[in-house]
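A.B. asks: Protein chains in written order, with UniProt numbering: chain A, 1 to 511; chain B, 1 to 364; chain C, 1 to 321.
Hints were generated in silico from the structure; no laboratory data involved.
Just so it is clear, CB atoms sit at the ideal spot from N, CA and C, and this is done for glycine as well.
Don't take each hint at face value.
Said to hold, decoys possible - Pairwise CB distance ranges, derived in the manner of DEER restraints:
| # | chain 1 | residue 1 | chain 2 | residue 2 | range |
| --- | --- | --- | --- | --- | --- |
| 1 | C | Ala77 | A | Glu229 | 58 to 64 Å |
| 2 | A | Met207 | B | Val10 | 40 to 46 Å |
| 3 | B | Leu210 | A | Gly18 | 38 to 44 Å |
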Amino acid sequence: MSDVAPAIELKGISKAFGPVQANKDISIRVMPGTIHGIIGENGAGKSTLMSILYGFYKADKGEVFIHGKRTAIPDSQAAIAAGIGMVFQHFKLVENFTVLENVILGAEDGRLLRPSLAKARKELKRLAEDYGLNVDPDAVIEEIGVGMQQRVEILKALYRQADILILDEPTGVLTPAEANQLFRILDRLRAEGKTIVLITHKLREIMEITDTVSVMRRGQMTATVKTAETSPEQLAELMVGRKVLLRVDKAPAKPGAVVLDVQGLNVTDEKGVQRLKDVSLSIRAGEILGIAGVAGNGQSELLEVLGGMTRATGRITLNGEEIDLTGRHSDGQSRRARGIAHVPEDRQREGLIMDFFAWENVAFGYHRDPAYRRGVLMDNAALQEDTARKMEKFDVRPPNPWLTAKNFSGGNQQKIVVAREIERNPTLLLVGQPTRGVDIGAIEFIHNQIVALRDQGAAVLLVSVELDEILSLSDRIAVMFDGKIMGERLPGQTDAGELGLLMAGMNGRAA
Amino acid sequence: MEKMPKWADVVLIPLISLLLAAVLSALVILAIGEDPWAALKMMVQGALGSTYGWGYTLYYATNFIFTGLAVAVAFHARMFNIGGEGQAMLGGLGVALVCLYMPWPHWTVAVIGASVVGAAFGAAWAALPAWLQAKRGSHIVITTIMFNFIASALLNYVLVNVLRPKGSMDPATAKFPAATHLPTLHELLLPLGIKFSKAAPANVSLLIALAACVFVWLLIWRTRLGYEIRAFGHSESGAKYAGISAVKITVVAMLISGALAGLMSVNTTMGEAERLVLNATEGAGFIGIAVALMGRSHPFGVLLAAILFGFLYQGGAELALWTNIPREMIVVIQALVILFTGALDNMVRMPLEKLFLSLRRKEG
Amino acid sequence: MDYMTILQILDSTVRLAVPLLLACLAGLYSERAGIFDIGLEGKMLAAAFFSGAVAAVSGSAWLGLLAGMGASLVLSALHGLASITFRGNQLISGVAVNFLAAGMTVVVAQDWFKQGGRTPSLSGAARFEPITLPGAEALRDVPILGPLYAELISGHTSLVYIAFACVPLTWWALYRTRFGLRLRAVGENPAAVDTAGVSVVGLRYAAVAICGVLCGIAGAYLATALQAGFVKDMTAGRGYIALAALIFAKWRPWYALLATLLFGLLQAIALRYQNIDLGAITIPVQVMDALPYILTVVILAGFVGKAIPPRAGGEPYVKER
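Build out the structure end to end from the sequences listed, making use of the hints.
C.D. replies: Pasting the structure below:
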């Protein structure tokens, strides 16, 4: 091995964004013909590192060697020239172009299109045969599925003769079946001698396909180990820096009467795609129902319908009274008035106004509450007092109501949202991805608050793509796939394996 | 972490932008063979050196307060209302109809009636673009531009074919009845023992404009509607989560914006011309853009920027009278202000942010 | 209405459509690359003045054309600086460009010529002269087609023929060349272009520059071909009508030709007849004036087919993962 130069070698890479040190003195060697995993929590600095490698960011310090040769990568052009291809988490495709046009974009032969297109068509046929990458070259991107679109991204890289392929969280949008197909393709690419860097935060994928794995934590590379010589537990510990306690201490649920009852819910989006298919479920008082599933299988739409953000057909009752799904009272304001609180999946785009002060955000969604009102005006003094109280109770740091939301850390932003919603003592709490991008300390705190609300008798609907979170918080688990509820399980009587099969659209018991 | 202190954002950046615009304007004046310093002195003398000058400065400022507020309110909902000109034209039509065809006993009653109808006409002209934006996603910038031209054609037709008195060659309405004539600052200040120029057109509308500033401030920062407008302006997805109706906010914000633009015509049509003429707006709707940008969409900032532009207008008229600097020099200055405070904002902002960051690093 | 009248109206349609067409194609390049441009009006106006001024001084319409293109390019560069380099608001930048041109043309005109913001009247070689196509006079007497050829097709200035040639040229560039592919891509998804190793900034500046050149020709045409010299505000909203035509054409070259010819026809009719008497009703001239704008609003409202602008239009490009 030692006589072969690494395909990629990084030496002492550092990168800061303003006061934030995203990458600190990172060194790594990726051997040719291997699949090298890079694992770490959200915000650990994985994507920044790869963006440096692809010429998107300029490193403050450090050197890059490609196949043993020191290489400067000032822009994507240089990365491509060095044989690096990148498949981004969010695809970089022109939606109304065909597959063929997307593939040749930037890699055309000559000034006229016709010869380029003809050549690319032939080349795509060859690549399809070599790697099992079948895609219709004349299909328009916006009309094909995400799995196909990802193939186009891989084809783009291969068409540019990349021999190093970087994939950033490639399975986030894929079903387990599509993910398996992707892994088979990666296998073949490795067999053909390509070097692959796989960035992910999913331990299962690392264990399944990589040869070597590097772990990142808070901008630093904490370890590089052979996959065969490690275990998920060890990697998890390296990722978070201490033994993880994923179990939440909670007493058994004491479910009361049915609070939420959903019957035959259907949602079709503006593109005409059916997002929810005949969804029925119910939650009792004092119970947490967890919804497991791969992102994009209807969980978001379910939350949105219940939270009054999306219209739907079907029938929903709250404590026996029907909820308006299409009319004047189908908006978020009406839902809040009925005692439904909502911690949305994306706090920066939905849960908070990033340029508003903390105290303004504490009124967000409840700004028409009479408690915050004095005559025709808003009672800002009362609101600021209320905010200070909530910030103290939920240990928001710094506890300053006059700071804008964007100046809090992710965990503290989420605490502001959770404080606002939970302090309403809702009948039903909707929670989406409560701990995404939140530090460990805040995760525990937020989990305990959700359990405490349950114990007061509220019904809780929890949506999370983190299976561990679902398993440790829920009293009952429903799995969603392709807009349908695939089945319900009790956390004590199931495991990640069975849930995984359901999430892939296979009935766990039958398979 | 804030990149720089708030005062720098609110005061320093507009001042630097203004300075850049001033320097470039001075260069232009120099290039056409005039002395910028002498020009400035003449402008100050002409616009602020007498109550006559002040009367004109404040008259123009009154217009710009209204149109500036109109643009600012729409900005808060993240909409660019470039149609203030057309909305003000329609406002003028409303004011003219009210003054001509309703018997008013006294100007105090007439001004209320005219304000209400002028605002309503302005709002009505903003309503369709607003509705199209909210319901059909038609870009409000383009539709409001189109509505400016349509308003101009409409006004042209009405003045030439309908409202023009028989025998008159002038495309304008008849003179409004005396009971609708608004008192000028001269008449208002005389009882207080203050002598103000009789010839200057500044009138009681100035007080309406100041009231509008207070109204907009209360609306945007102290009411629930204002909260919703700002929330929607900052984040459409957030507004959806909070149950704030995009359609309602888009339409309501534009109606308020159009109403403010329409109110401007009380000053020009009822207060000054005392009849409706073609091109009564004289581009004030567009100056509102510069005023709102410079005033950072805050009513107090708008007030200051409006007075500044009032000064430029009156001073510019003096220059055109006494020097070789044509009136259009103001349009150049206006363009430069829009350019630096609006489009090239980052050119000023980015180096400043770096400066403050490195200053803080040194302290830390 | 006799045949000759129709021909004359159509002839005037062509003359009036040309500046709209050039400006519309200019906007097409810019907006297809994702840079909204409401500053077409200002660029045309600046070009009209500088072409008129240089033609007046040098006596050469061609030198005037170069000067016009130069002036328009300067404003394009300013728009590019604001909206590409400094990622400012493209709409506000366009507004600034329009005012800058409206003010500067008069200020400079007054300084140079002291004729109240106009250039001296142009004549001779300082203006673009009509070109008589071969055989136009000889064929004039052929029924129907003869006058058509002589009146409508022949007898325009070279700029008219250039403008019409720009339509197929633009189509070809857009859909048949590498540049066109990249240009369309950068207006739809600049990140795709960037990650493919092509400079987003470079492409957008190129598009804005082409826009400047075409606006320059349009302005020069106004001052040195359609009319004999520059007068204050001589573009008279044509930049906005071109913008309307661009939306009407849904950002496509051949449709741009049709849209601008339609709007040119409306102008030609409005110019020839004050009020159109249709027997029962009379259409006032103001309706003809407002019709392009009304039609555009109808199109924008999506009642007659939805106009979908380039998806990345108006958004400054910021690299992100």
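A.B. asks: CB of alanine 77 of chain C to CB of glutamate 229 of chain A, is that within 58 to 64 Å?
C.D. replies: holds (60 Å)
A.B. asks: Honestly, do leucine 210 of chain B and glycine 18 of chain A meet the 38 to 44 Å range at C-beta?
C.D. replies: holds (42 Å)
A.B. asks: How does the Cβ-Cβ distance of methionine 207 of chain A and valine 10 of chain B compare with 40 to 46 Å: does it lie in that range?
C.D. replies: violated (54 Å)
Checked against the numbered hints above, the structure violates only hint 2.
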